[in-house]
Every structure is written in structure tokens, then in C-alpha cells.
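J.: Chain by chain, the residues:
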Amino acid sequence: MDFSSFLLMRHEIILLVITLLLLVAEIFIPQQKKGSIVHLAIFLFGIHTVLGFLGNVEGALFGGMFRNTPMIHFFKNVLNVGVLILLLQSADWLQEKMVKQHKGTEFFILLFSSLLGMYFMISAGDFLMFYLGLELSTLPVAALAAYETSKRISSEAGIKLILSAALASGVSLFGISMLYATSGSIYFNDIAEMITANNLTILGMILFFTGLSFKISLVPFHFWTADVYEGAPISVTSFLSVISKGAAVFILMILLFTVFKPLMHVWENMVYVIALMTMFIGNLFASRQKNMKRFLAYSSVAQAGFILLGIINGEHLGFATVIYFVLVYIFSNLAAFGVVQAISLKTGKENMDDYEGLYRTNPKLSLVMMLALFSLAGIPPVAGFFGKFFLFTAAASKGYYLLVFLAVVNVTISLYYYLLVIRAMFLRKNENAIPFFTNKLYMRLGLVLTVLGIITLGLYSPLYDYIFELSKNLM
Amino acid sequence: MDILTLFVVVPVLTVLALVFTKDLKQARTVSMLGSFVQLGMAINLVFAYFKEKEVNDSIMVFMKDLVWFEHFNIHYTVGVDGISVAMLLLTAIVVLAGVFISWKMEDLPKEFFISLLVLATGVYGFFISIDLFTMFVFFEIAVIPMYLLIGIWGSGPKEHSAMKLTLMLMGASAVLLVGILGIYFNSNADGGDLTFNILEIAKVNIPFEAQKLFFPLVFVGFAVLGALFPFHTWSPDGHASAPTAVSMLHAGVLMKLGGYGVFRIAMFLLPEGALFWGDFFLVLAAIGVVYGAFAAIRQTDLKYINAYASVSHLGLVLFALLMLNKTAWSGAIIQSLSHGFLTAMFFALIGMIYGRTHTRDINKLGGLMKILPFIGAIYVITGMAYLGLPGFSGFVAEMNIFVGGFQHPDMFHRVLTVLAVSSIVVTAVYILRLVGKIMMGPLETNNVENLPKATWYEKTGILLLLIPVIAIGVAPLWLSDMIMDSIQPFIQGVIK
Numbered sequence: 307m308d309f310s311s312f313l314l315m316r317h318e319i320i321l322l323v324i325t326l327l328l329l330v331a332e333i334f335i336p337q338q339k340k341g342s343i344v345h346l347a348i349f350l351f352g353i354h355t356v357l358g359f360l361g362n363v364e365g366a367l368f369g370g371m372f373r374n375t376p377m378i379h380f381f382k383n384v385l386n387v388g389v390l391i392l393l394l395q396s397a398d399w400l401q402e403k404m405v406k407q408h409k410g411t412e413f414f415i416l417l418f419s420s421l422l423g424m425y426f427m428i429s430a431g432d433f434l435m436f437y438l439g440l441e442l443s444t445l446p447v448a449a450l451a452a453y454e455t456s457k458r459i460s461s462e463a464g465i466k467l468i469l470s471a472a473l474a475s476g477v478s479l480f481g482i483s484m485l486y487a488t489s490g491s492i493y494f495n496d497i498a499e500m501i502t503a504n505n506l507t508i509l510g511m512i513l514f515f516t517g518l519s520f521k522i523s524l525v526p527f528h529f530w531t532a533d534v535y536e537g538a539p540i541s542v543t544s545f546l547s548v549i550s551k552g553a554a555v556f557i558l559m560i561l562l563f564t565v566f567k568p569l570m571h572v573w574e575n576m577v578y579v580i581a582l583m584t585m586f587i588g589n590l591f592a593s594r595q596k597n598m599k600r601f602l603a604y605s606s607v608a609q610a611g612f613i614l615l616g617i618i619n620g621e622h623l624g625f626a627t628v629i630y631f632v633l634v635y636i637f638s639n640l641a642a643f644g645v646v647q648a649i650s651l652k653t654g655k656e657n658m659d660d661y662e663g664l665y666r667t668n669p670k671l672s673l674v675m676m677l678a679l680f681s682l683a684g685i686p687p688v689a690g691f692f693g694k695f696f697l698f699t700a701a702a703s704k705g706y707y708l709l710v711f712l713a714v715v716n717v718t719i720s721l722y723y724y725l726l727v728i729r730a731m732f733l734r735k736n737e738n739a740i741p742f743f744t745n746k747l748y749m750r751l752g753l754v755l756t757v758l759g760i761i762t763l764g765l766y767s768p769l770y771d772y773i774f775e776l777s778k779n780l781m
Numbered sequence: 005m006d007i008l009t010l011f012v013v014v015p016v017l018t019v020l021a022l023v024f025t026k027d028l029k030q031a032r033t034v035s036m037l038g039s040f041v042q043l044g045m046a047i048n049l050v051f052a053y054f055k056e057k058e059v060n061d062s063i064m065v066f067m068k069d070l071v072w073f074e075h076f077n078i079h080y081t082v083g084v085d086g087i088s089v090a091m092l093l094l095t096a097i098v099v100l101a102g103v104f105i106s107w108k109m110e111d112l113p114k115e116f117f118i119s120l121l122v123l124a125t126g127v128y129g130f131f132i133s134i135d136l137f138t139m140f141v142f143f144e145i146a147v148i149p150m151y152l153l154i155g156i157w158g159s160g161p162k163e164h165s166a167m168k169l170t171l172m173l174m175g176a177s178a179v180l181l182v183g184i185l186g187i188y189f190n191s192n193a194d195g196g197d198l199t200f201n202i203l204e205i206a207k208v209n210i211p212f213e214a215q216k217l218f219f220p221l222v223f224v225g226f227a228v229l230g231a232l233f234p235f236h237t238w239s240p241d242g243h244a245s246a247p248t249a250v251s252m253l254h255a256g257v258l259m260k261l262g263g264y265g266v267f268r269i270a271m272f273l274l275p276e277g278a279l280f281w282g283d284f285f286l287v288l289a290a291i292g293v294v295y296g297a298f299a300a301i302r303q304t305d306l307k308y309i310n311a312y313a314s315v316s317h318l319g320l321v322l323f324a325l326l327m328l329n330k331t332a333w334s335g336a337i338i339q340s341l342s343h344g345f346l347t348a349m350f351f352a353l354i355g356m357i358y359g360r361t362h363t364r365d366i367n368k369l370g371g372l373m374k375i376l377p378f379i380g381a382i383y384v385i386t387g388m389a390y391l392g393l394p395g396f397s398g399f400v401a402e403m404n405i406f407v408g409g410f411q412h413p414d415m416f417h418r419v420l421t422v423l424a425v426s427s428i429v430v431t432a433v434y435i436l437r438l439v440g441k442i443m444m445g446p447l448e449t450n451n452v453e454n455l456p457k458a459t460w461y462e463k464t465g466i467l468l469l470l471i472p473v474i475a476i477g478v479a480p481l482w483l484s485d486m487i488m489d490s491i492q493p494f495i496q497g498v499i500k
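Chain order of the listed sequences is D and H.
Position in the first sequence (first residue = 1) + 306 = the numbering used here.
Position in the second sequence (first residue = 1) + 4 = the numbering used here.
Among the hints, a few may not be true.
25 angstroms max Cα-Cα, derived DMTMM-like pairs, lysine to aspartate or glutamate [to be verified]:
#1 D:K655 with H:E163
#2 D:K670 with H:D111
#3 D:K735 with H:E115
#4 D:K670 with H:E115
#5 D:K704 with H:E213
#6 D:K704 with H:D197
#7 D:K670 with H:E163
#8 H:K68 with D:D771
To be clear, the hints were calculated from the coordinates, so they are not data collected in a lab.
Isolated chain H (complex conformation):
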């Protein structure tokens, strides 16, 4: 079996093994082992990729192609470039961290880990696919477990949030489906066969009229998952109601499918459509960036703060992609990764705080640093990285995005960039206020003596996420090497 298909097979096997587990102990052990293997494979893939790239100069490497439905020319085609390798690594780390954070999942543990890993399977499959149909299948597989994950193990108005999230995301994927069919039936514009293969379609000159029609469908279909304003409303409610590990996976990984799909499908296959619609969506993305940041200031629930911060930061990803140049794009990819790790860390920490104090209201929290030093310290670090302090991944990403934005000589792009930059300041406001209030301020909790320290599994989960954040921040070159080469073929069509 090829190295990429294993990325789908291993989680599926883990799920099958989980079916036979009896209690929490067995379930978490099996999930941990499966996710460990997966992380090992992802790390191995990074090295294998660099090695392969020296001898193989094609856009995608480790390609594997199997015919699935012959008459529709549907294939199971997989392949990776530097970007997907990085995304796979992100997913593997966040999933493993998520398993550690859910170490004490008492209610229906088996079902919880099964749903979690089905979600992971969808995400892995999505990142390795280069056939539109296969990709779409994995996309939906990744979304639907969210309903159960939030609905069963969530808190607060979980049924409402779960339904809202699922319907909005599935509605988006339905719109996407129309777009995909549109691309498919135009993939013979140059006289070839109809195909779902991305690399094949990219060579075809799809008529401008079709691009104009289908770009918004494909773009919106993916961008809803990337929390594009005004379709972001599922995200804060969903995050707030979801259990910790699900919030981590959701904000850390699942939402990244949006940005990834936008450049891999929408902009790569429909470049003229992207140029036509780019400015319109750029405005929406910029609104999302600023709006998300301001909305975060007004929240008092820790999870809502982070959810809106995610809207802002992922809006930045879409914003950068719509800038349509190489610097901004590399910023967008790094931002995706950086945000993935950081937000997963944030949600993990919030989960730990909530598990101890039983509140997420910042008015009722204070001085946690004194009683929970580990959690407090990591929280401060995460916050600093989040607001783009040099030395962490956030800085590298945002630097690239804004430099890329400013490379446009015209007023329109520059004004929007300035607006988006202003969100950094706002981010600093809510992060610093938050840290000041709940970490540094006077003690608010009554039973301060009894709060347990961070356990080994919580620490492991956090450290897993912290290492890459620092690695990207201190030595960003290995990552940008991997990404830059891979961006080139995808951006060719859209550079003005």
C-alpha cells in the first residue's frame, strides 16, 4: 500500500479496533496508539517528501491513481505537495493532542473516540486527494461527525449549536457540489474527456462565462468552513458548545479545509473567476478580519473570545489568498498552520481551566497564574504567539500576509490591508486584557486550594502543540521552503 493511502487506512483501522473496546481505558489507549502511528507517519512523510522532491519535480509527488467509477471518470487519486504535507503534520499533531486532552472522557468514551477519528479520517483524506469527487467525499465525512460530537458531548445549547453548524456546513458543501459539477462538465472544454482530476482540469481553459458562474459557488462552499463573513455564525456557537477536543480539532484542523480548498480548487481551477470575483470577496474577508477582532473584545466567555478570534484570524487566511500573490499566499499557509496549533492550544487550555473552575466567564476568573502555574504560563505564551509576537509562528505568518498585501500598488488593496493590520492591535487588546484579568489579576475563585495541577496527559497534549509553534517561529525557513515551491504552480494562473 502506498505511503499516502495509509493515512486513511490507519485511522479507519483504529476506528475498527475501537469498535471492540470495552471501556474508557481501552478506548483511549487504542486511539492514542493509532494517533501515534499517524504522527509517526506524518513526520516520516516530511522527510520522505524532501528526499522525493530532489529527484521528482512534478507538482504532486507520491501519486497513486485507481479507477473508481469508470463511466464518470471518477478516480481515487492521491498525491501531496509541500502544503498538504504540512497540513497532514498539523492534523496528526492536533488529533494526538486531542486524544490526550480527552483522557477522562467518561460519557460513552468509545463512541466519542470513534467519532473523533472518523472526523480525522475525513480530514486526512481531504488533504491527500487530488480528485474532486474523492475530495468532496472526504470533505463531507469530516463534517458530519461534528453533529454527534457536539450534540452528545457538548455543553450549553448543544443541540441548537450542533444543528446550526451541521446545516450550515452541509449547506455549504451542497453549494460546493454544484460548483464541482460545473467544473466537471466544463473539463472537456479543450476537447478532452470529462474528468475530476485537479491536475488535468488545471490544464484546460474553462470558458470565462463558466468560471464567472462557478467560482462564487466553489469559493463560498469552501469559505463557509473558513468562517467567511457573513457565513461565520456557525463557528462561535459551535465552538462554545463543543467539548474541548472537538473545539481543538474543529478550529485547529477542520476550518483549515476551507482555506486549503479555496486555493487548491477554486483559485487553481477557476483563475479567471478568481480575478473577476476577487475584490468582492476581499472586502468580505477584510470585514471578517476586523469584525471578528472587535466581536472578540466584547465577549466574556473564554470560548466565544477564541471563536471570534478564529473568525478574525481565519478571515486573514482568506484575505491573504484573495491578495493573489506569492508572498501573501505563503503567509496564508503559514497562518493556517500557526493558527491551527495556537487555537488548538487555546481551546485545550480553556478546557483545562473550565474543568477545574467550572466556569468560562472571565468576570469570575482571576489570578490563575498563582494556583495553576503550568496552565497559566502556557496560556500567556499562547496569547503572545497569537497576537503575533516575533519568535512565534504567528509573527511569521502575519508579516508575510501584510507584506504581500502591500505589494499591490493600488489604493484599494492598500486601504484594505491597512484595515486588516488594524485588527492586530485589536487582537493585542483582547489578548492582553484577557491575560491580565484571568492570569495576573487578584484571585477570584473561592476554592483555590483544591484546584488540581495539570496532569501528565494534559501536559503532553500541550507540549505536542507548543513545539511546532516555536519551531515555526524560530526557524521558519524549512517550512517556507516546503511551501514556497509548492505555491508556484498553483498561483501561476491568478497572478495579474
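Extracted from the complex, chain D is given alone in its bound form:
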């Protein structure tokens, strides 16, 4: 037997093993020690993350259904790092709240299953594998969104997510069947060779695009976002907003840039309009939010609009800038969600007004939040600035100056509402400010990692150059 094929799927296999191990541990660890499963899961996933960085492999399996390229491999590592930080940030919440309700292990099993689905989705070489991955990544998240069963709003979020996701994947599937009808194949490579700009193909592409747009929450497919983000536990919200979104962007981009390349004259118009709508609507809605989770939900809708500016480039420059931006975005958004998580866990407060005067009581948390928001807004010298600048460069290199202009108008609008949070934390004085508290080790580690990422990713240029090199081989 050839073991190299195992090596090719090592992300998937290790993660599956970890998931099963946790299942076994759930059975054998006595009830009063269930809290230790959190340590075990984080430890195992940490090892998994480190192992991912050891060496790149390239190749295809199952007759081209599954493939791995250095770019895909790198992106799986990016997702791993994101999930690891997320686990660190949610450890306290799990130990303090969830383990007592006898629900520690399921969280990890569901989360890892979803991540496994994303691995398969971005490694897909045909539409079947893609669809399986999509479903596997979506269904567990719906269960996760409804995880806090004691809260009505959480169950509501689960239902909303599963309904929208089912509709989206149905629409996607419809599109895929049309593509199959016109090209006679479900393999990406075959379709790429045979695709022509006839109406049925274009309709298939649009439907397929629509399905993924739900996952990325592009306007007008964003309606589920705010409610689900608000209702779901914060850990799940950050998973949805960074990991799930990142993976969907990745596979969408691969398909647009390879399979649908001959239809670029069609989809670039589509992307143009959707980018504008997503940025404007996301930003304008975000500026009116009072709840931090809803606020970050709309902000993440707007950020998805910026991502489209890289996609519209259609070449490896666009690919590299988007991957870089997603990486930066993962760190920035996780930092913001981490602070919201920490405060919500200690005080149960989630509104922007509650943050007033936070700097004078909790200066470190406020600074983390400020860095995260500056990074999201694109203020130098933190990483978000470089991410946005490169996205704009990608769009401008194709001559989309008007689009870039409207995007920078949006950057200014977004700066307004990010400053609102900073105003609450730094400018306002409050007698009843959230009192000083300290975080546990995991949370601290989770926040420190994000801050390191936010500060270094931008200034350390070899990282971008590395991503750029990888993106050349994709096509």
C-alpha cells in the first residue's frame, strides 16, 4: 500500500482521529473530570496545527476528486491557526458554563467535523466532493449555533442558520446540475475545458455563486447573518464570521479563477455590483448597531464586500491579496470577538454602551480591542491596512478606479462606526464601568496571539511574498 496518499490527506486524517479520540474520551472520563476534555482537545488540536506546517505535499486522489496543492495546504494551516485561537478563547466559556450542562465534548466534535468539511470543500476536485464538504461544514455549525439550549435566542439562531443554509445549498446544487447538463462532467478540470458562454451555463454559474454567497454573507444574501451572529454563542459566531467565511471565499475564488475563467466577462460585472451593495449596506447597517455581536456581524458583511475587490482582479495577484486579507481578517476579527467573549463571560454585557469607560478599568482589553478595530478599519501600521491596500491595488490594476474610489468611501464610513466603539471605551467616562477583571491563561494566550498577528503580519513582508509565490502555482 502506498502511504504517500495518507500523507496527502494528513490534515483530514489527523483531525478525524482527534475527533474520534475525543469521542472515546467522552465515554471514559468520569463525570466530575469532564473539564479536562477541554485541555485535551486544545492540546491535540495544537499538535495538529503544528504538524500541518511540516512540509508541503502536492497531488490528487480518488481520480482527481480530492487534491492538495501548496496553496490549499497553506490555507488549511491558516484555518487551523484560526480555530486554535478560537478554541483558546472559548476554553473558559466551555469550562465555566457548558461542561456543567454536560456538554463539553460535543462542542469540539461538532466544530472539528465542520472544519473537516471545510478541508474537503477546499480540496475538492469535483462538484461532488465540493458539495459533500459544503454540507459537512454547514450542518454541525447549525447545531453549534443552537448550542446554548437554555437560551431561546440561540435555538432561534440554529433554526435560521439551518434553513438559510439548506436553501443555499439547494440553490447551489441546482446550479451544479445545470453545469453538469451543459458540460457532461462534474470534474473541475473537465468543465474548465468544455465551458462555453451559453445561457444555461451562465445560469448554472449564477446559481452556484448564489449558494456560496450565503456562506460568505454577501448582500443580498446576508439576511440571516445578524440574527444568527447575535443568537449563537460567541465562539460559534467567530467561527462563522472568520473560518467558515474564509473557507467559502477560498473555494469560490478557486472556481471563479479556474473553472469559470472563460466566463469572467460575466462574473466580473456580477462581482462589481455585489461588492458595492455589500460594502454600502454592510457599513450603513453596522453604523446603527448597539449590540456588539450584531455590530461585528454587519462589519463582517462589509469586510466581505472588500474581499470582492480582490476577486474581481481575476488573476493570481487578486488571489494572493485575498488570501492575505483573509489571514489578516481572521486575526483582527478573532481579536475583536475575543474581547467581546471575555467581557460577556465575566459580566454578561454585550452592548456598546456597556463598554463606556472600559479603558480606565481594563486598559489591556481596551487596547486589544482598539488594535483589532484599527486593523478592521485599515489604519496603519497594523495588518489590516496592508490587507486593504493590497486588495485595492488588485482592483486598481484592472482599471477599476471607480470601484476603488467607492470602496475607500466605505472605508471612511466604516471608520466612523469603529471609532464609535473606541469612543465608548476611551473617550467616555462612566461611574458604572465594567470593573477590572483578569482573564484566565487560555483567554490571555488567545488574545496575545491575535495581537501578535495583527502587529506583525503587516510589517513582516516575506509572508505576503510567500503567499504570492504560492498563488502563482494555483493556475
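Following the hints, position chain H against chain D.
T.: Okay, now just chain H, sitting in the frame of chain D:
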């Protein structure tokens, strides 16, 4: 490490040191030491520059080039000419004076000085950069601390002013970004590589269509910071709400980034665009000059008077730059410097008066000269210099600007110049009235006995600013030597 990079490294180190300070005493000492080192470096740079210029005849000296993002051809490139050296000196002096003026900053002192020095870092970095990307990064670093500085330590409607200022300036920088990308993607018009390096781009003939499109974006992007009418509205509100040292730094240094960027980027890289759009913006600048002066007359708040005076005087800088000739340009640079020192002095004095009388309303002030002789005397001197009295820096600057304006033979430029000259008269009106009312008039304040005299740190701060004002006024030649040589390569493209 090269002599220029130190200008960014030293303030960054100062900020890092400030993080570990515990109270006001430590914070102000560290900031003062850091700023002293910086001033020493700036003075040293002036001498080093003259020495270097004798052997090195390139446009920029002390060049240093490091590759940053290879695939975009983004470099960290620094270099200075006479103009940037002068600007660096201005910045170093104003920052140090600002630290002295904030000697008694009680509320969150550490954070205050950190924000102040981050702002300074951005300004230093901006003046030494000759790579568009690096320059833009420093530009934004200089702007964003203003939000906290005004929002936390300001007075009056500070949240509103801070938000307005930040959004307008960041909006301007966003417009600028589009312009920069436009320049970047046209920098291979002659077949070379895409580049952000200013000196490289200047050699390229960017197509006229692109210049026409991108000049207004770049120009407006910078000119908003230089308070171009009608985009000046952030400035009076921002100044009025800002704490003293921030007003000083803001009007004294930050607003100078606007004029500097206009000639360094907009006019240097897009000369045909400048010729095409020049007259249109010239009208706006002239309106700003006159409007600012008249608006200043109507104000009763000391800070608002000065803020509108700044709109007028900085409008003069843009006005002179748009005249597109060498005399006017040298006037513009000297005006930038002179205004930088003078307005910083004004704001420092206003801060001292306000700190003692707790009002900035000129109707409630009077006869201060009798009770606060030092502050009063300096106030009169500053006012005289501000309205362009010979012997001070303001005169040299304005003389050059108007002579330069009149060198144009056509009616359009001459009429506008005459209009702009009229602002001098208006300036004289509001300055003299102000001095007459609050310094010379009858005593208005009730508790006259208790007003404390100027302290040593206030005097130090003021004298730091006063010395260069007199130096430029009495012996302007060393400065114009430094500036004139440096203007030549930049103006070549736009001379008709």
C-alpha cells in the same frame, strides 16, 4: 543605522519607554528627553545637510533604500532635501515645545504623551519618505492619534470635533489613496517597472489623460489637510476642542503635511495635471485666504480666531504653490515654516491664558499685559510677526508669495493676487483689535491678583519657538539658500 531612519526610531523608542512610565513626572521627563534628542538630531541634520550638499549634487541626499514588499515594488526609501530638513527642524522644535507646554497634563499623562509622540513619528516619517507607499503609511499614522488626543483631553464639544476631524482627514487620505494607486499603475508608462519611488516616477511621462484624472484626487487628498476651502471645516472645530499642545502640533506641523504633499507628490509627479487644474484650485485657495481672514474677524473665541487665521495663512501656502513659479514656491515653504512656529506660539499662549483666566472669550478678557507681562509681551510680538511685520518670518514669506504671484503677466493671476494681498489688511485688523482688547484694554478679570506668572517650562516652550521666528526674519538667507536649491528640480515640470 542611517541618520534619517533615526528620526523615526527615536520617537518609537520614546513611545516604548513611555509605556513603562508610572506617573506624570516620569512620562514628561521621558518625552522631554526623547524630544531633546530629536531636536539635537534635527539641528545636526541641518549642518550635515550643508556639508553633504557640497559634495553630493543629487536631488535627495542621505538616501537609504530597503525593499519591503517585493512584488508590489514597495520600498522603504528615505532621503531629504533642504525643504524636508527645514520641516524636520520645525517638527522637532514644535514637538519639544509641545511637551513643555503639556508639563502639567494631569489626566492619563502617559497615554497623552504616547499619542503625541506617535503623531510626531508619523510626521517625521512623512517628511523623510520618498516612496509613495511609505509616505502614505506615515501620513495615516500622523492623523489617527488626533482622534484620541482631541477626544480624551479636549474641551467643549470634543467628541463631535474629534470625529469630524478624523473622518474628514481620513476621507481625504482615502481619496489620496486612489490617486496614489493611479500614479502607481501609470508609472510604467515608459516601459519600466511599476514603482512607488517618487524620483523614479518623476522621470516617467505619465499620459495626460491619467494626469488630468488623478491630479485632483492627489491634490485634494493633501489639500484637505492644508485646509483648502471648502474642505477646511474640520480645522476650526478641531483646534477649538483640542488641548493646547495638540493644537500647536496640529496647526504647527500636521497641517504642513498638506502643502508639502502637494508640491512633493501632486505637482512633481503630475505636472501637466497641475497646469490643467491649477487655475481652478487657485480660485479656491484665494477664496480660502480671504474667507479665513474675514471669518477670523467675526470670532470671539481666541482659538477660533487663530483657527480661521490658520485657514487664511495656509490657504496662502496653497495659493503660492498654485502660482507655479519659483519665487512664490519659496514663499510658500517659508510661509509653512513661519506659520508653523507662529501659530504654535499663538496656541501655546492661548493655552496659558486659558489656564489662568478659564475663558477664551475676548469679551471677558482685557488688560492682561499688566498682570501677565511675559505672556502679554510675547503675545504682542507673535501678533506682529503674524501680520507680516518686517523683521519677522511672516514678512519674508508673504513678500515672496505676492512678488511671485505678480510675476504672472496675465490679468487672472494678478487680480487674484491683489485679492489675496487684501487679506493682509484684514489680518492686521483682527490681530491689532485682539491685541488692543485683551492685552492693552482695561482690566476685565476679577481675580487679577491671583493669576500666576508664566512658569519656567512655559517660558522654555515659548522661547524655543520664538528664536527661529526671529532667526528667519532677521537672517532669511540661510533658509532660502537651503530651500531655493531644493525647489528647482521640483518645479521644472510645471513652469510654463
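J.: Evaluate each hint against the coordinates.
T.: To see whether the hints hold, each was checked on the structure:
Under the criterion of a C-alpha separation no larger than 25 angstroms, the hint pairing K655 (chain D) with E163 (chain H) is consistent with the structure, at around 24 angstroms. Taking the CA atoms of K670 (chain D) and D111 (chain H), the gap is near 18 angstroms; set against the 25 angstroms cutoff, the hint holds. Between K735 (chain D) and E115 (chain H), the direct Cα distance comes to roughly 15 angstroms. Compliance with the 25 angstroms bound is thereby established for this hinted pair. Our distance criterion of 25 angstroms between C-alpha atoms is met by K670 (chain D) and E115 (chain H), whose separation comes to about 13 angstroms.
Restraint check: the Cα-Cα separation between K704 (chain D) and E213 (chain H) comes to about 17 angstroms, which is no more than 25 angstroms; the hinted pair holds. The hinted pair formed by K704 (chain D) and D197 (chain H) meets the criterion: a straight-line CA distance of about 16 angstroms does not exceed 25 angstroms. Using a Cα cut-off of 25 angstroms, the hinted pair K670 (chain D) and E163 (chain H) holds, with the two alpha carbons roughly 23 angstroms apart. At most 25 angstroms may separate the alpha-carbon atoms for a hinted pair to count; K68 (chain H) and D771 (chain D) meet this at roughly 22 angstroms.
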